[in-house]
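Engineer: Spelled out from the first residue to the last, the chains are:
2 protein chains.
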Amino acid sequence: MSVFRVGLLGHGTVGSAFARLLEEHAGRIERTTGLRPELSGVLTRSRGDSFPELLERSDLIVELIGGLDPAREYVLQALRTGRHVVTANKQLLSQHGEELWEAAREHDVQLRFEGAVAGVVPVIRVLQESLAGAVIDRVHGIVNGTTNFILTEMGRTGCAFADALAEAQRLGYAEADPTDDVTGRDAAAKMAILARLAFETPVHLDQVRYEGIERIQPDDLEYARELELGLKLIGTAERIDGDGLAVGVYPAFLYPGHPLASVNGPFNAVTIESEAITEVTMSGPGAGGPQTASAVLGDVISAMIPPASTPPALERLRIVSDVRSSFYLHLEVADEPGVLAQVSQVLALQDVSVKSVVQKGMRDQARLVMVVHPVLESRFAAAMDMIAGLPIMRAPPRAIRVIEEQFG
Amino acid sequence: MSVFRVGLLGHGTVGSAFARLLEEHAGRIERTTGLRPELSGVLTRSRGDSFPELLERSDLIVELIGGLDPAREYVLQALRTGRHVVTANKQLLSQHGEELWEAAREHDVQLRFEGAVAGVVPVIRVLQESLAGAVIDRVHGIVNGTTNFILTEMGRTGCAFADALAEAQRLGYAEADPTDDVTGRDAAAKMAILARLAFETPVHLDQVRYEGIERIQPDDLEYARELELGLKLIGTAERIDGDGLAVGVYPAFLYPGHPLASVNGPFNAVTIESEAITEVTMSGPGAGGPQTASAVLGDVISAMIPPASTPPALERLRIVSDVRSSFYLHLEVADEPGVLAQVSQVLALQDVSVKSVVQKGMRDQARLVMVVHPVLESRFAAAMDMIAGLPIMRAPPRAIRVIEEQFG
Chain A
388 MSVFRVGLLG
398 HGTVGSAFAR
408 LLEEHAGRIE
418 RTTGLRPELS
428 GVLTRSRGDS
438 FPELLERSDL
448 IVELIGGLDP
458 AREYVLQALR
468 TGRHVVTANK
478 QLLSQHGEEL
488 WEAAREHDVQ
498 LRFEGAVAGV
508 VPVIRVLQES
518 LAGAVIDRVH
528 GIVNGTTNFI
538 LTEMGRTGCA
548 FADALAEAQR
558 LGYAEADPTD
568 DVTGRDAAAK
578 MAILARLAFE
588 TPVHLDQVRY
598 EGIERIQPDD
608 LEYARELELG
618 LKLIGTAERI
628 DGDGLAVGVY
638 PAFLYPGHPL
648 ASVNGPFNAV
658 TIESEAITEV
668 TMSGPGAGGP
678 QTASAVLGDV
688 ISAMIPPAST
698 PPALERLRIV
708 SDVRSSFYLH
718 LEVADEPGVL
728 AQVSQVLALQ
738 DVSVKSVVQK
748 GMRDQARLVM
758 VVHPVLESRF
768 AAAMDMIAGL
778 PIMRAPPRAI
788 RVIEEQFG
Chain B
388 MSVFRVGLLG
398 HGTVGSAFAR
408 LLEEHAGRIE
418 RTTGLRPELS
428 GVLTRSRGDS
438 FPELLERSDL
448 IVELIGGLDP
458 AREYVLQALR
468 TGRHVVTANK
478 QLLSQHGEEL
488 WEAAREHDVQ
498 LRFEGAVAGV
508 VPVIRVLQES
518 LAGAVIDRVH
528 GIVNGTTNFI
538 LTEMGRTGCA
548 FADALAEAQR
558 LGYAEADPTD
568 DVTGRDAAAK
578 MAILARLAFE
588 TPVHLDQVRY
598 EGIERIQPDD
608 LEYARELELG
618 LKLIGTAERI
628 DGDGLAVGVY
638 PAFLYPGHPL
648 ASVNGPFNAV
658 TIESEAITEV
668 TMSGPGAGGP
678 QTASAVLGDV
688 ISAMIPPAST
698 PPALERLRIV
708 SDVRSSFYLH
718 LEVADEPGVL
728 AQVSQVLALQ
738 DVSVKSVVQK
748 GMRDQARLVM
758 VVHPVLESRF
768 AAAMDMIAGL
778 PIMRAPPRAI
788 RVIEEQFG
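Protein sequence lines, in the order shown, are assigned to chains A and B. Position in the first sequence counted from 1, then plus 387, gives you the numbering used here. Position in the second sequence counted from 1, then plus 387, gives you the numbering used here.
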């Protein structure tokens, strides 16, 4: 059995979540890639082997210590000794990206960093690969979940910035020191990376102008609501006059219908605009520990398997054709007493439980509109057949499934 | 100079758009990959060389003839003779996918098919690569732009299905024979492919239950509007009870706030749910010719370059720090005559043109809320400085950028 050795730098929130994920998924990954991933060691600031020892027994290094020093030195050493590197370090990439990418090219190894921007939203891969052929005009992003949560909360409750921040801290969406988030600096680092990939131009964090959300007042959000504008902390990278590039982060009102206007709470989203494709938008939960860890694991697996392979279908889930669904039910019925009773009786006979019912119209416009709780589709179909046969029906019954909110 | 030879099968809407794109982007692709892509030949049903001759002088085959025969035979031959293949043929993959993927694995070549599902929305790549490490619970998709356009139109205007279909045909969003689209069969083929990738289980088109939108009535959409439910033709693939898999396509009401509820017009979107990542949603224009061609080109480029490489920064766009923006402007002013005149004068001095203005409140609550047309940010900042110095101001002026709708 071949082993793929992963050396881990850092064991904070993301690092420990990654170590857990890797162990949980080792079996699945082995079936897909033919290689069994194993943690060859963990190095933190306070414990673990020396870095050279860890490097010696690793095929790939996952860098999750953050900051510039010693992260930069470690990543460079790993690349120069022929190891793939996966990192989620946006500060490092937005300040020393060119040096690191050059080292990766020179030593013919992979440097992946999906986790550095927008958590599990795969914007890095899409820019590097799917859109490699497109000329990109503009990138708009909500790339900081903390500030998006705060602005959503201010808009929802009318509370002040300080109160929304306190709520974000209480829920774990903001750190004890939220400076990097609320000033826009965290988003600026991410936009430097996105702009580099989208426009193939070196962009340093220092070249990104940024403003935060500290000065947003509740009545700005009131105004936004009145005009149906979304107020977001938006990162932009935009081609200007053909040869110019503007990269910035600032609060902005978005016109109604902008793909980012409906992105609420601690979510991240990125819209990429290009004449050839009009626009693509990707959204998902921002960079919490589990999400970033999942993005890092995706990168590790990508480094293990050949590109674009569709592995054999290892699962053999049985195909199920009778599932539980909720339904909307539209019945054109006779306008006479006892109609609802008859319909209800038939539904009860097939275990269909009614969630809501509205009687509408009169005489030859009389209708029953119902929504029923989830039920096996076969049972519902049987009820429909029986209802269709009732003399009170003026037309065949109509039903449409209802997809309800689920968690998990 | 090394050449990368692309043999093209099919020269319809997508095929000809692809040939044009490839030529337009050949220079850029060469700079990125070090290889110059060239069309080595085009084969259609009515003209061109024989397939073996085309194969002989191609490194990669792009299959855009559609249908099963001779597409299946051509793709198999290409893979078996060591050529990469890029295809957008959803019928082929949903009926003969396992055979083709096995041939690709066996001969160690790439079979890419981003264009087969959701146009330029990179759902295939994300399922195959970014989420390779995630256990997926559910996939929901709007994967047919024609039906989504029709349902949007019915909801917007209250018109009947037949009228909305006619409008879709007039605008080029529906074909002369729309059967595959409106019956849900097109979406079913795409869901078979997505389910195979998400759940690692072979899924044949015949195993996907589907219903169309032909029987949707205007009053169903009226009901949806009343309850703020979106009505969409939804593809689902869902794990059931651990070892089961249900794959289907049907019209469904979506609860308000569902990520797909706000996807309107000829757009496609896919939401992938997994406990580890909660959910990721991707959206973009559906499969028009240019979008599919762009997805196909992305696949071709991916087959040319090593994975996860960040190419040297070939562009050197100059970083622009003074750009044009539209602004919202919030001024707490004295409640006295001539205030608006003074502010307007200062704005005019800096070429800031007012789009809308509202006077609000009285006495010590008096405010001017304005939106101004796009203007160089430096000019706007100068106006802000001057306004801040006016004696009529009760507090420093506040400004927030406004992102307006753009086309292109």
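A couple of the hints might just be wrong.
Where chains are identical, the list cannot tell them apart; a pair therefore holds if satisfied intra-copy or between any two copies.
To be verified - Quick list of in silico lysine to any residue cross-link-like pairs, SDA-like style, CA-CA up to 20 Å:
no.	residue 1	residue 2
1	742	596
2	747	661
3	747	494
4	747	411
5	747	612
6	742	495
7	742	754
8	747	775
9	742	443
10	742	593
11	747	665
12	742	727
13	742	408
14	747	606
15	742	604
16	742	766
17	742	565
Hint data in this document are derived by calculation from the structure and do not stem from the laboratory.
Engineer: Hints first: check each against the structure and report whether it holds.
Structural biologist: Hints and how they fare:
1. 742 with 596: Neither: 52 Å inside a chain and 26 Å across chains, both beyond 20 Å.
2. 747 with 661: neither (48 Å within a copy, 40 Å between copies)
3. 747 with 494: neither (72 Å within a copy, 64 Å between copies)
4. 747 with 411: neither (54 Å within a copy, 59 Å between copies)
5. 747 with 612: between (33 Å within a copy, 16 Å between copies)
6. 742 with 495: neither (60 Å within a copy, 54 Å between copies)
7. 742 with 754: within (17 Å within a copy, 48 Å between copies)
8. 747 with 775: This pair counts as within: shortest intra-copy Cα distance 19 Å, inter-copy 59 Å.
9. 742 with 443: Neither: 63 Å inside a copy, 64 Å across copies.
10. 742 with 593: neither (57 Å within a copy, 33 Å between copies)
11. 747 with 665: neither (43 Å within a copy, 39 Å between copies)
12. 742 with 727: Answer is within: at 14 Å inside a copy they meet the 20 Å cutoff, but 56 Å across does not.
13. 742 with 408: neither (40 Å within a copy, 53 Å between copies)
14. 747 with 606: between (41 Å within a copy, 12 Å between copies)
15. 742 with 604: neither (42 Å within a copy, 22 Å between copies)
16. 742 with 766: within (16 Å within a copy, 59 Å between copies)
17. 742 with 565: neither (44 Å within a copy, 36 Å between copies)
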